[in-house]
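Those protein sequence lines, which keep their order, are chains A and B.
The opening position of the first sequence corresponds to residue 388 in the numbering used here, with each subsequent residue numbered one higher.
The opening position of the second sequence corresponds to residue 388 in the numbering used here, with each subsequent residue numbered one higher.
Hint data in this document are derived by calculation from the structure and do not stem from the laboratory.
These numbers were taken from a predicted model, which means no experiment stands behind them.
Where hints are given, some of them may not hold.
Just so you know, same-sequence chains aren't split out, so a pair can sit in one copy or run between any two.
Claimed, not checked - Only pairs whose alpha carbons sit at most 30 Å apart, straight line, appear in this in silico DSS-like list of lysine-lysine:
1. LYS616 <-> LYS691
2. LYS691 <-> LYS557
3. LYS569 <-> LYS557
4. LYS718 <-> LYS557
5. LYS569 <-> LYS718
6. LYS691 <-> LYS569
7. LYS659 <-> LYS569
Listed below are the residues making up each chain.
2 protein chains.
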Amino acid sequence: MRLQDIPRHLARRCLGIPRFCRESLGVELRGTRLVVAYSAGLDSTALLHLLHLLRAPLNLTLIAAHAHHGLRPESDRELEHAREVCSRLSIAFQAAHLDIPSLQAASGRGLEECARQARYAFLESVRQEHQADWITTAHHGDDLAEDIVMRLLRGTGWPGLGGMPGVDPKRGLLRPLLDWEKNGLRSFLEETGTGWCEDQSNASPDRTRNRVRHDILPLLRRENPSFAKTSMQLWTLAQIDEEYWSQALPLLPAPMRNFLLASALLDVHQAKRLRLYKTILDSMGPGQVLASHLLRLDTAWMRKNCGRAIQFPGDKVASVQPEGIRFHFQKRSS
Amino acid sequence: MRLQDIPRHLARRCLGIPRFCRESLGVELRGTRLVVAYSAGLDSTALLHLLHLLRAPLNLTLIAAHAHHGLRPESDRELEHAREVCSRLSIAFQAAHLDIPSLQAASGRGLEECARQARYAFLESVRQEHQADWITTAHHGDDLAEDIVMRLLRGTGWPGLGGMPGVDPKRGLLRPLLDWEKNGLRSFLEETGTGWCEDQSNASPDRTRNRVRHDILPLLRRENPSFAKTSMQLWTLAQIDEEYWSQALPLLPAPMRNFLLASALLDVHQAKRLRLYKTILDSMGPGQVLASHLLRLDTAWMRKNCGRAIQFPGDKVASVQPEGIRFHFQKRSS
């Protein structure tokens, strides 16, 4: 299958992918080496074939990576299907058996969180082995809509509320299909006669996410059938503001990231102060900062509640002191 | 009923109202004349009694305004109840019969929109007659949650997505209960033994709003029982950003509001450009600007699509011209 062999509207849509990456994500695809997270389900099958179509014109190197979770009976069949497809397309293929239940038992974390971590660790290992530029995932506009509702429920501030980033250089992640809807991906596969493995359950182990997907999103789509498109627009606004704030905030030298001096907060608008805190907390490592935490810290700082310590997810702490705010990790009690 | 006669935690909460108005809305309540939109339902009954408790300590002048819609059989009973309550509390009372069906027939607009317009026109007439400072309405945190979901569905950008403003000087509107939850208002009434008229239907004539209220919000609250609180935090962030942007945007002299010169857009970040467009469009009058419109206009401008005209709600148009963007009204075809 080549670009010139498929219907013109699909070819045009496919050529929109490098444009989206360049214009909206600031990433040039041409000549890159890409790991494709390929489960053999609808979304990632579309991603694999779309990138395959772009392989020659953009001089891409593709490596498909398949995580075998072993949680569902059809996992073995999916692995075989994925291997065959890649062999037929002459795409390098790598698979890993991830024993999530054992990992979960060892870590004590939730099932979804464990599966996610193990999957990304595997993808990152493939990226390093093949010296690839990016791990590409098939997240699309409907995932974005789901993500926005999840973030709204969780209390994420702005611009985080606009959904997952399209590019995450720290994790080497690229999401080139965020401006596609799931229906568009399905049409692409159907019109090109490409098969995929139907995920029987389509259930996420995260029960909140499941109910958002199966109960809440259908109701939102009933009111606004273009809710995925509306979500993509909100996402676009969020990316614009994300960039604005990254330019508007002062560049803090590394030592200042542990201690935000009072002088650096003087005459700074609250909108900037909140984002300054968030930038520092994010730079400390994983753990999602919520709006309520940031507001609480800012209130404590403005009221000069010295000695007050605000806890953040990921064992991070911000302590209000007379000379400024100290950011540090909580001492774990042994 | 006086502040010193009610349970202390309620008195404290009541005294939080002037603080919320001062700190979050920038409005000093002391010594003001307030029109209270009083339907005799739960929310506005709580508002009336809370403001009544604050009347002596804050030297407030209160005027209750009751709109009799005549749409429901219990309307007459509610009018009488409202009149009696105000007479008992020695609060000036004014009522108006609003004949919504006739107004709707005359205007050709939707029922909800007509009722809303007629209600606010009545409240504004009472405000002017009594030379009052503000019209106060009983919108609370649960209304905010509903409003945020409505705006999310509609495709409102940021900070508009954060919900209705707490103060609208142009319309003389003040919403002093935005940081209360409906449950808190109910508890206040129950603990003080204050009765209200139960709205039998609790249905809005807007079917989308109804389904958001009765189908979608209960599901969101099931995932996050504090969803009203989470919404209030998002609202707080939005107010902070609203203020930030109002300071960050250049103050345009009136003639420049019809024509945004290319020079005023040069080297201006997209985040600012979008908000500049919105400020101008909002200043032209009613009509809600959505994110998609603003993005479309900006794309047309950056691509220098001269001659391109982008339509906005409220018959507003932005025309891209070589020297800048002209904002004007659409000529109505007769």
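Going down the list of hints, with the structure as the test:
Taking the closest pair of Cα atoms, LYS616 and LYS691 come within 30 Å of each other only across two copies (25 Å); inside a single copy the shortest separation is 44 Å, beyond that limit. When the C-alpha separation of LYS691 and LYS557 is checked against a cutoff of 30 Å, the pair qualifies neither within a copy, at 35 Å, nor between copies, at 36 Å. In this assembly of identical chains, the alpha carbons of LYS569 and LYS557 lie at most 30 Å apart only when taken from the same copy (27 Å versus 43 Å across copies). Taking CA atoms no more than 30 Å apart as the test, LYS718 paired with LYS557 passes inside one copy only; the shortest distance there is 26 Å, against 52 Å between copies.
For the homomeric pair LYS569 and LYS718, neither the shortest alpha-carbon distance inside one copy (45 Å) nor that between copies (40 Å) is at most 30 Å. In the homo-oligomer, the alpha carbons of LYS691 and LYS569 never lie at most 30 Å apart, since the shortest distance is 50 Å inside one protomer and 32 Å across protomers. In the homo-oligomer, the alpha carbons of LYS659 and LYS569 never lie at most 30 Å apart, since the shortest distance is 36 Å inside one protomer and 32 Å across protomers.
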